[in-house]
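Order-wise, the sequence lines are chains A and B.
Read left to right, the first sequence gives residues 1 to 379 (this note's numbering).
Read left to right, the second sequence gives residues 1 to 272 (this note's numbering).
These are computed hints drawn from the structure, not numbers from a lab.
All values derive from a computational prediction rather than experimental measurement.
Honestly, I wouldn't trust all of these hints.
Computed, partial: chain B to chain A, Cβ under 8 Å [what the hints assert, rightly or not]: (1) Met1; (2) Val67; (3) His104; (4) Lys149; (5) Ile150; (6) Ile253.
DSS-like, lysine-lysine: derived pairs with alpha carbons at most 25 Å apart [said to hold, decoys possible]: (7) Lys272/B to Lys8/A; (8) Lys197/A to Lys210/A; (9) Lys243/A to Lys227/A; (10) Lys260/A to Lys245/A; (11) Lys210/A to Lys260/A; (12) Lys227/A to Lys272/B.
Using N, Cα and C, we set each Cβ at its ideal position, and we do this for glycine too.
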Amino acid sequence: MATGGTIKIMQGNEACVEGALAAGCRFYTGYPIEPASEIAEGMARQLPPAGGIFVQMEDELASVIALVGASWGGWKAMTATSGPGFCLMQDGIGLAAITETPCVIVDVQRGGPASGQSTAPSQGDVFQARYGANGDYSLIALAPSTSQEMFEFTIKAFNLAERYRVPVIVLADEIVAHTRERVYIPPADQIAVVNRKQPAVPPAEFLTFKPDADGIPPMPAFNTGYKLCVISQVHNEKGFRAKGKEGAALIRRLTDKIEKNAGAICEVEELYTEDATTIVVCYGSVARCARRAVKDAREQGWKAGLLKLNTLWPFPAKQVKAVAARAQRILVPEMNIGRIALEVERASGGACEVIPLPKLDGKCHIPAEILAAIKGGCR
Amino acid sequence: MHSLAQRVLRTEQLPFTFCPGCGDGIVVQMTARAIDELGILDRVCTLGGVGCSSWIATYFNVDFMKVPHGRALPAAMGLKLTNPERKVLVFTGDGDCVAIGGNHFIHAAHRNIDLAVIMLNNQIYGMTGGQVAPTTPAGAITVTSPYGKIEPPFDACELARAAGATFISRWTTAHPWQLLNAIKKAIQHPGFAFVEVVSPCPAQSGLYIQGSSDPVQLVEWMQQNYITQEEMDLLSPAEREGRTLVGDFLAAIRPEFAARTHELIDRLKEEK
């Protein structure tokens, strides 16, 4: 561990607030919802003394749209919610995607559609995070499994949002949000913070959505002389409405800037995967139990391995494909009906068997359940 | 090209998207004059939602943001709060403002955040082909009220007043000079300023509601039916029926949200 810094016992939602502040977030709009409320409460308390703005909005729609305004005002902005609010936010997530507006949205998932199970954990929004808004676009989603990761992934979310000019979703769940555990907070000068790039050309030559060679346009703030055209319609490089090839070029670029950079964006954690015949692919709080199960299996002589997906979107297909080529079976425990299992199946391309372990009762898997599945014929 | 247009308009966006006889171009001109006369071009940004009138936001030579239907006010709030010196102008239609964006309208007005909100009221969903709007008169026949509208029309100025707006004004595009004055006052007003502009839509509301697509007749219809308090006072109760008041209705000074928010930050910094 690096020197300096502090160690605190905090729940994931509190660690998320610390991460946001460390990343430079100075604008938060949100609407009360469980199990995400502590994030809003922490922001309400901590932002104003840090020179930031907290506003409790009329709903989640307004919350995420306000982020887009604030981000174009030059500030780093975040909101947090749970499934029902995340559903309402899709309007603004689409806006942030097409206007390439950096912002961070934390979804502390609860179970079920509609009002769902308000105080139970779930991973039911993994596809909503990827496909929730209309039309084709790509974004980034991260899945923390501990309070420490809530802190670190929130910082990472801001950095990715600024780097790729995209909404970044932190897909937490009720367990991660409310578990109190040790968090190490490094000193500020040891935290890498990325800021959006600024134009290299004079204002008269600047086009609002003209990308650099990396596919990402620079982003000046409003009222700094660039005559910005920020428009939610499909547009050309000037920011005027476009159809046909120009429109197709935008949609292709919005997708490519994320999918083609999956190698740089995607992060996974591997444990005993080299010689494992059974791999548990997991993410979020389920990874805590999966790790225990894999360690227990190893102690008992089973060749089990763990692939923990820190990034869910873009999907770490390359990493999944690599372990699928070596393994006989992949188990995918998740607190939904088996969503990421479908992605794992696609990425593994039939190289090995993919077995979903869905969980829908508002509880996390226990290690013994995963261990039993590992033992179900993999020696 | 007129020198005003060269100074204030984003000329590469021309010609306008508006139909012949539409009132929206008059609002563009009066807003351009207001910005020019106040000398604030560099401090202005404009926002629009969805609908013909929301396109007004795209015609000025300033930073603009055009967002999904009904959502201009929260985006405007984000821009105002991040720089209270910004002059934030929002162009919205009656459907955009009081139907799909109604909740944002109520709460932005209630916060009394310093925005100039110019709502164009053509009493109909024009761009999508003439569907009934919250502002459509009761009984009117449109493509989605083929047997006559059942609900009464919404009065956006009364809604703004009840919600807490501190500047409220209503004019029509047949009152261009009064409208110019109202827009200037709205921009200068330190709080939530709401200007409703009744704007004719020959293609849709003219056809379906007023019974004429002739722009001249629609101007006459506005002149006859949208009258000031002085004009109203001269009429008998029977003659007042169906007529709507225009005028500058309210200009009150109350605590403003963006200023208060930044005052809090400054106070907490001093206390540290």
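Under 8 Å, Cβ to Cβ, is where isoleucine 253/B needs to be relative to chain A, so tell me if that hint holds or is violated. violated (22 Å)
Do the alpha carbons of lysine 197/A and lysine 210/A lie within 25 Å of each other, as the hint requires? holds (13 Å)
How about methionine 1/B: closest beta carbon in chain A under 8 Å, or not? Nearest chain A Cβ about 18 Å off; hint violated.
Within a Cα-Cα threshold of 25 Å, do lysine 227/A and lysine 272/B meet the stated pairing? violated (38 Å)
Using the nearest Cβ pair, does valine 67/B come within less than 8 Å of chain A? This hint holds: valine 67/B lies near chain A, its Cβ roughly 5 Å from the closest one there, short of 8 Å.
If you take the shortest Cβ to Cβ gap from histidine 104/B to chain A, is it below 8 Å? OK, holds: histidine 104/B within 8 Å of chain A, min 5 Å.
Does lysine 245/A sit within 25 Å of lysine 260/A, going by the straight-line distance between their CA atoms? holds (20 Å)
Between the alpha carbons of lysine 272/B and lysine 8/A, is the straight-line distance 25 Å or under? holds (22 Å)
Hint status (Cβ of isoleucine 150/B to nearest Cβ of chain A, threshold 8 Å): Violated: closest Cβ of chain A sits about 27 Å from isoleucine 150/B, beyond 8 Å.
Quickly compare the C-alpha distance for lysine 243/A and lysine 227/A to 25 Å and report which way the hint goes. Since the Cα atoms of lysine 243/A and lysine 227/A sit roughly 22 Å apart, the hinted pair holds (cutoff 25 Å).
Would the hint linking lysine 210/A and lysine 260/A be met if the CA-CA limit is 25 Å? Holds, at about 18 Å.
Lysine 149/B as chain A interface residue, shortest Cβ-Cβ below 8 Å: violated (27 Å)
Violation of the numbered hints given earlier is confined to hints 1, 4, 5, 6 and 12; the remaining hints are satisfied by the structure.
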